[in-house]
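Residue-level listing of the chains:
Number of protein chains: 2
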Amino acid sequence: MPSDFFRIEKLSGKARLGRLSTLHAEIETPVFMPVGTAASVKSIPQDTLEELGAQIILANTYHLYLRPGVETVRNMGGLHGFMAWPRAILTDSGGFQVFSLNELRKVTEEGVTFRSHLDGSSHFFSPESAMEAQIGLGADIIMAFDECTEYPADKSRVRASMELTARWAERSKQYFEEHANQYQVPSTQYPENREGNPNNWVRGTGYSQLLFGIVQGGMDRGLRKESAEQTIEIGFPGYAIGGLSVGEPRELTREIVESTLEYLPRDKPRYLMGVGTPEEIVEYARLGIDMMDCVLPTRAARHGLLFTSEGKISIKQARYAQDPGPLDPKCGCRACRRYSRAYLRHLYAANEMLAQVLNTIHNLSFYLDTMRRVRHAISLGE
Amino acid sequence: MPSDFFRIEKLSGKARLGRLSTLHAEIETPVFMPVGTAASVKSIPQDTLEELGAQIILANTYHLYLRPGVETVRNMGGLHGFMAWPRAILTDSGGFQVFSLNELRKVTEEGVTFRSHLDGSSHFFSPESAMEAQIGLGADIIMAFDECTEYPADKSRVRASMELTARWAERSKQYFEEHANQYQVPSTQYPENREGNPNNWVRGTGYSQLLFGIVQGGMDRGLRKESAEQTIEIGFPGYAIGGLSVGEPRELTREIVESTLEYLPRDKPRYLMGVGTPEEIVEYARLGIDMMDCVLPTRAARHGLLFTSEGKISIKQARYAQDPGPLDPKCGCRACRRYSRAYLRHLYAANEMLAQVLNTIHNLSFYLDTMRRVRHAISLGE
Chain A
4 MPSDFFRIEK LSGKARLGRL STLHAEIETP VFMPVGTAAS VKSIPQDTLE
54 ELGAQIILAN TYHLYLRPGV ETVRNMGGLH GFMAWPRAIL TDSGGFQVFS
104 LNELRKVTEE GVTFRSHLDG SSHFFSPESA MEAQIGLGAD IIMAFDECTE
154 YPADKSRVRA SMELTARWAE RSKQYFEEHA NQYQVPSTQY PENREGNPNN
204 WVRGTGYSQL LFGIVQGGMD RGLRKESAEQ TIEIGFPGYA IGGLSVGEPR
254 ELTREIVEST LEYLPRDKPR YLMGVGTPEE IVEYARLGID MMDCVLPTRA
304 ARHGLLFTSE GKISIKQARY AQDPGPLDPK CGCRACRRYS RAYLRHLYAA
354 NEMLAQVLNT IHNLSFYLDT MRRVRHAISL GE
Chain B
4 MPSDFFRIEK LSGKARLGRL STLHAEIETP VFMPVGTAAS VKSIPQDTLE
54 ELGAQIILAN TYHLYLRPGV ETVRNMGGLH GFMAWPRAIL TDSGGFQVFS
104 LNELRKVTEE GVTFRSHLDG SSHFFSPESA MEAQIGLGAD IIMAFDECTE
154 YPADKSRVRA SMELTARWAE RSKQYFEEHA NQYQVPSTQY PENREGNPNN
204 WVRGTGYSQL LFGIVQGGMD RGLRKESAEQ TIEIGFPGYA IGGLSVGEPR
254 ELTREIVEST LEYLPRDKPR YLMGVGTPEE IVEYARLGID MMDCVLPTRA
304 ARHGLLFTSE GKISIKQARY AQDPGPLDPK CGCRACRRYS RAYLRHLYAA
354 NEMLAQVLNT IHNLSFYLDT MRRVRHAISL GE
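So the protein sequences, as listed, match chains A and B. Every position in the first sequence, counted from 1, becomes a number in my numbering once 3 is added. Every position in the second sequence, counted from 1, becomes a number in my numbering once 3 is added.
Next up, chain A with everything else stripped away, as it sits in the complex (with noise of 0.2 Å):
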């Protein structure tokens, strides 16, 4: 891989313009990535999520895995192809949803046996098959396969499954480089070339699958420090901080991450998992944090929750039903530019599903946005 995958173009306090280049695009850092779970950023086509400016999106590994299958989507030429979507795409391990969806996870040296929350079916996670599924499924950007600490865990409990980390993280490296670049990725599903030759393989940038590690440690900066160590000392081409935003005080994540980023490397991405409102992805951005994911602006769309120039806004109240200004007056999405809070707010109560597509329009505009503002600030030098 050529060593120029991320640059530093400018530095503004701590806070960091960038660019990465993957196997499919290169990305403007910091980048906020929308989450398309089950390979959809739910009830947006992927035509609007490139005219939103969405660079990256992040698909679950643990989601695709059960349903279609990973088999099924590297026959249809990897996510890629499977869900027409030329720009880049980070898995996330499975990780964090085995975790997070499965109370009857059982977790042992080798891996993590789980039940499908599909049909109640058992299934194995260890390090090598979370990288093998990840390695089919053909994400720019992939994940270690970690242990997501619960909140909150005693000091032993913490270090413990740090360390699991640590170890999963040496086989994760160990397995993606005996087995990444053995599948091609063929861009037969792109629009650009449906009709083209199924051996037309994406060249893309010339740069191969990245496997990124993952920090844990919980809420302890000691041990936060000594999992950024051992990562660091494994080798990754960029790092994560996880097992945040898990139902610790909003102030102690940012204590974790400010003290967990003067251990990462400078030259290399870091990315914080799971994170957040956008004031905080300002402010973790202004931190120096580089990449950010979260469902807050997808999710909270659908509950009609949308988050605007004035402030955070439900649309269900009955006081915007004869309101005829847009959503946002500052905002020029699709959304905002052609329908007013009345119609937005009437769309909801009814119940009716274009309510979700515009709101969900609109919460990512608004995120996209906040994060073009944040780069422009920081070439600006401010």
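Check each hint, because a few of them may be wrong.
The list cannot tell twin chains apart, which means a pair is met if one copy fits it or any two copies do.
As the list claims (entries may be wrong) - Simulated pairs of lysine-lysine, DSBU-like, Cα-Cα distance not exceeding 35 Å:
no. : residue 1 : residue 2
1   : Lys315    : Lys45
2   : Lys319    : Lys228
3   : Lys109    : Lys319
4   : Lys45     : Lys333
5   : Lys158    : Lys228
6   : Lys45     : Lys319
7   : Lys158    : Lys45
8   : Lys319    : Lys13
Hint data in this document are derived by calculation from the structure and do not stem from the laboratory.
Please build the complex by placing chain B on the supplied structure of chain A, with the hints as guidance.
Coordinates of chain B only, in the frame set by chain A:
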């Protein structure tokens, strides 16, 4: 109203190529009208409807009267302003929903008492109140309040129902003539002039709302003839054939349509309500029908039933799980241009909202393209 609001530009057999001028827009006929019950064609943004070439959509008075209420819609600039739709709209009278959604309705000479399917509250529709509601909603074409006769029904029952419909048509017309055009429709919600003066009324085409009469008479050709004559005697700018597609055999529907058409004036638009399959809309256009609406393309889409140039497809079937081809190779819609059957099948199986969005786009595209081809064929005299 200018007398040339409907012009027949070409005949081919009994089929007619026409141009219908309404308050907001001109419509090429024969036309298929997508159904947008609660002021939204389910899951589809208005700009996508425009892109699909929808010239006129149908909304349901019954649903809008209950939620958000006629006053709200009127205050937001009528349906056009409320839903930000600049092209034509037709509202039904509420009669059909009162009959199909209400087991406990009570019909008197005066009107119908019914219970809301939303909260069980009691309401009353008369020809006068149905007109008042439709004038307030401000659609381009509105419908007389009728009784949709149940099927099967004996001849005396059908006759009584048909005569009630005729008396109600008379009252509908009288109320409409006394009250129409008293509400101007502000266009402040339109995207072009959101910033505009609230007194910037729609001037549109210079035409006013059009009230169409409805022919009933069950499955009896003689009664259909009588009903047509009674309705024409009252006099409307257009005539609908109602009370079909209510459970009778398809062949009977066709017979009744064909015989009823003989009694309808050739120089007025003819609207067949609630019909039909792609084959049927072609067939009815051939018989001389100018307008049709049906929930079939949108409702079937939500159940994964897709109309294609190669026949009907149930996308949920496992046989499509790894099918890399487009849904319909002859279709140029957004769904067929970009996605594979495998992906559409996955979205449906995973209960992803995008399934409904893409399936609906395709089915509407198929219907609207079908009607476009019908118009083209008539213009060529085929």
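To see whether the hints hold, each was checked on the structure:
no.	hint	verdict
1	Lys315 with Lys45	both (21 Å within a copy, 26 Å between copies)
2	Lys319 with Lys228	neither (45 Å within a copy, 49 Å between copies)
3	Lys109 with Lys319	between (42 Å within a copy, 34 Å between copies)
4	Lys45 with Lys333	both (25 Å within a copy, 27 Å between copies)
5	Lys158 with Lys228	within (14 Å within a copy, 87 Å between copies)
6	Lys45 with Lys319	both (20 Å within a copy, 19 Å between copies)
7	Lys158 with Lys45	neither (38 Å within a copy, 52 Å between copies)
8	Lys319 with Lys13	neither (42 Å within a copy, 50 Å between copies)
Hint check: violations occur at hints 2, 7 and 8; the rest are consistent with the structure.
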